[in-house]
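There are 2 protein chains.
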Amino acid sequence: MNITIIGAGNVGYHLSQRLVEVGHRIQQIFSRKTDKVIRISKIIKAEPIDNLSSVKKGADLYILAVKDDAIGSVAEKIRKKIPGNSWVVHTSGSTPSTVLEPYFENYGVFYPLQTFSMNRMAEFTDIPFLVDANKELMKERLYSLAETISPKVYRIDDEARAKIHVSAVFVNNFTNHLYAIAEDMLRSEELPIEVISPLIQETAKKIRFHSPQTVQTGPAVRGDEATIQRHLEYLEKFPKYKEVYELLTGSIGGMYGS
Amino acid sequence: MNITIIGAGNVGYHLSQRLVEVGHRIQQIFSRKTDKVIRISKIIKAEPIDNLSSVKKGADLYILAVKDDAIGSVAEKIRKKIPGNSWVVHTSGSTPSTVLEPYFENYGVFYPLQTFSMNRMAEFTDIPFLVDANKELMKERLYSLAETISPKVYRIDDEARAKIHVSAVFVNNFTNHLYAIAEDMLRSEELPIEVISPLIQETAKKIRFHSPQTVQTGPAVRGDEATIQRHLEYLEKFPKYKEVYELLTGSIGGMYGS
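Which chain is which? The protein sequence lines are A and B, in order. Convert by adding 398 to the 1-based position in the first sequence; the result is the number in the working numbering. Convert by adding 398 to the 1-based position in the second sequence; the result is the number in the working numbering.
Any given hint might turn out to be false.
The list makes no distinction among identical chains, and a pair is therefore deemed to hold if it is satisfied within one copy or across any two copies.
[Claimed, not checked] Below, computed lysine-lysine pairings styled on DSS-like, alpha-carbon distance capped at 25 Å:
hint	residue 1	residue 2
1	Lys603	Lys550
2	Lys604	Lys550
3	Lys455	Lys431
4	Lys465	Lys561
5	Lys561	Lys635
6	Lys604	Lys465
Source of the hints: derived by calculation from the structure; they are not laboratory data. Keep in mind it's a predicted model, so treat the numbers as computed, not measured.
Here chain A stands alone, though its shape is the one from the complex:
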C-alpha cells in the first residue's frame, strides 16, 4: 500500500519503519519537528513534511499517529488537502473512530496495543493490532494490512477497544507506577534498586503461562495480618504509598475472599 503517516512520535516512528520493512511505501511523513521528520524520512524513503498544508492526495491510506486530543483537529486540517473519500485511520486505543466522521466518509482505527519507546526496538511480530473501520471493504483491507506487519490482528469495534484500553491502563500505566513507587522507596532508603528487577521480569513472564489469579502470592492473599501490620507501620514514612498498599491489599483480599 501507499501510505501517508501523520506524526513521527513513538507510534509513527516505529510503525512507518515496519511498514516499509514489509514492502509498503510511505508517500509522506509529517512531524512539526523539521529535523526529526527529515531524519526519519531518510530511513523510510518518504517525503518529509513539517506542515499539514503539505499533505498530498493520492495515498491509499492516511494514518494519524498523533496525540489523542489532536486527532480531530488534524483530520479537519488535512481534509482541506485531500478528498473526503480518502481512507483515514488513527492509532489511538482510547479514542472512538467516530472522531473522524465529520471529516471523512471512510474512517477507522489501526491500534497497535503496545507501549513504544524511541530508543527501543519494537517487535511487531508480538504486537496485537486492533482494527476497525466504518465500511466493510476498508475493514478487510485494514485487516490485511495489519496482517502484513503482525500475526496478531483483531477486529475490535470502538466499544470493545475502549474496554480493552482500560485494561491496558491497569497493566501498563498502573503497573509502571508500582515499579516507580518501589524504586522511589528503595532510592530514598539508599538501598540497591536493581535488586527487584528480576522479580519484576519474572512476575510478568509467569503470566504468559498462568492465569494471574492462580499465581497470586503475598501477605494479602494469605491473610497474613502480622506481615501486613509490619508493612503498614513501615509505610508510615510514605503516607501516599501506604494508601496504595492498603487499598490493593484490601482489593486482593476481596478477590480471594481472604
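Fit chain B to the given chain A structure using the hints.
Leaving out everything else, chain B in the frame of chain A:
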C-alpha cells in the same frame, strides 16, 4: 557444603536442585508430603525425610525453606535433634533472622529475591540473594555459598531486607493483582485476554533500561481528564476496580504533580 533442606515447596525444591547442580551435597531434605520428598530426593540424591524428628546432625548448614509462620516452630523442633551451635538459616524476605535466636547460636537468612513456581525453571544466575547472619564468619560463608549459585549477592540486614520486601510486595503481589483485574474485566466482557500479554511483557522489560518514573505514560500523567472520566464511567460496572483506578490515578498525579 553439606546441607540439609527443610521444606520442599517452591523455594526448597528449586534451591536444593541448584545447590546440587553447582557441587554441594544435600544431606537430607524434608517435606511432610512423603511422595513429594521421595521424588525430589531422587533428583538431588539426598535422604528424604517426612518427619522433623528424623533430622540428623552433621550438616554444615540447615536451610529452613518453610512458610514464614512455621519458621519458629520448625526451629524449635529440629533443635531437639541437632546441636545448638549448628548453622541455621531461613529463606524468608519478611521474617527477621532473630526468629531463630531462641534456638540457635549461629543463625541467619538466605533469601532469594524471586518468585518461584513448581512448574517453571528458576534461572538462578538472575536471582539476587540477600544474606545475613549474626556472626561474621557465618556471614562470610553464606555470602560465599550464595556466590556459588548466583552472581548477585547482597549483604542485607533484617531491617533493610524488611524494607526491600515491602517494595517486592508492590512490584510482585500488587502488579500481579493488576494483571488479575485486567484479566477479570476482559473475561467478563468476553474479550480476548491474551491481547494485553505483550503489553505486560514490554512494560516490565522497559524498566531494565529506563527508570520507571521516566517512562510513565497514560491519562493520569498527562492529566487527560476526558479519558479518565470515560474510564471511570465504564468502571461503574466494576466498582471495586473503579476504586483502584481512582486511587492509582490520583497517586500518579501526585508523583508527577499533574
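So, going through the hints one by one against the coordinates:
{"no.": "1", "hint": "Lys603 / Lys550", "result": "both (19 Å within a copy, 20 Å between copies)"}
{"no.": "2", "hint": "Lys604 / Lys550", "result": "both (21 Å within a copy, 21 Å between copies)"}
{"no.": "3", "hint": "Lys455 / Lys431", "result": "within (22 Å within a copy, 73 Å between copies)"}
{"no.": "4", "hint": "Lys465 / Lys561", "result": "within (19 Å within a copy, 39 Å between copies)"}
{"no.": "5", "hint": "Lys561 / Lys635", "result": "between (36 Å within a copy, 12 Å between copies)"}
{"no.": "6", "hint": "Lys604 / Lys465", "result": "between (33 Å within a copy, 21 Å between copies)"}
Violated hints: none; the structure is consistent with every hint.
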